[in-house]
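*Asks:* Start counting the sequence shown at 1; every next residue gets the next number (my numbering).
Rather than coming from a laboratory, the hints here were simulated on the basis of the structure. Please note that a few of the clues may not be correct.
[Stated by the list, open to error] With a straight-line cut-off of 25 Å between C-alpha atoms, the simulated SDA-like cross-links for lysine to any residue are: (1) Lys86 x Asp52; (2) Lys35 x Val104; (3) Lys71 x Ala95.
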Amino acid sequence: METNSSFSTHFLGLLQQSKRGRLKIYLGMSAGVGKTYRMLQEAHSLLQHHIDVQLAYIETHNRTETVALSKGLPIIPRKKIFHKGKELEELDLQAVLIRHPEVVI
1 METNSSFSTH FLGLLQQSKR GRLKIYLGMS AGVGKTYRML QEAHSLLQHH IDVQLAYIET
61 HNRTETVALS KGLPIIPRKK IFHKGKELEE LDLQAVLIRH PEVVI
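All chains, full assembly: derive it from the sequences and hints.
*Replies:* Shown next, in the form of structure tokens:
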């Protein structure tokens, strides 16, 4: 029979395991081989399965198919910063953490 402390330790391990994230990396031989396109396809599939997906930073390079595929996906707006007199955009990590989606692209 398990003791209360071993059961608690096991349960705590399950809780910690369920809160761990996973990192999925898309590799391609060169630019334009479909990494972003594939990510967006998977995002649509996850959304259809009621998974909370958010686009936090996507670079479409103005490719027609990629722009079209990004439509309909929820977006966390980029953070605007100024660096050496220029306005730049970057991933808004604080907004992502506050929003806490299941999947971030």
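*Asks:* Name the hints, by number, that the structure is in violation of.
*Replies:* 1
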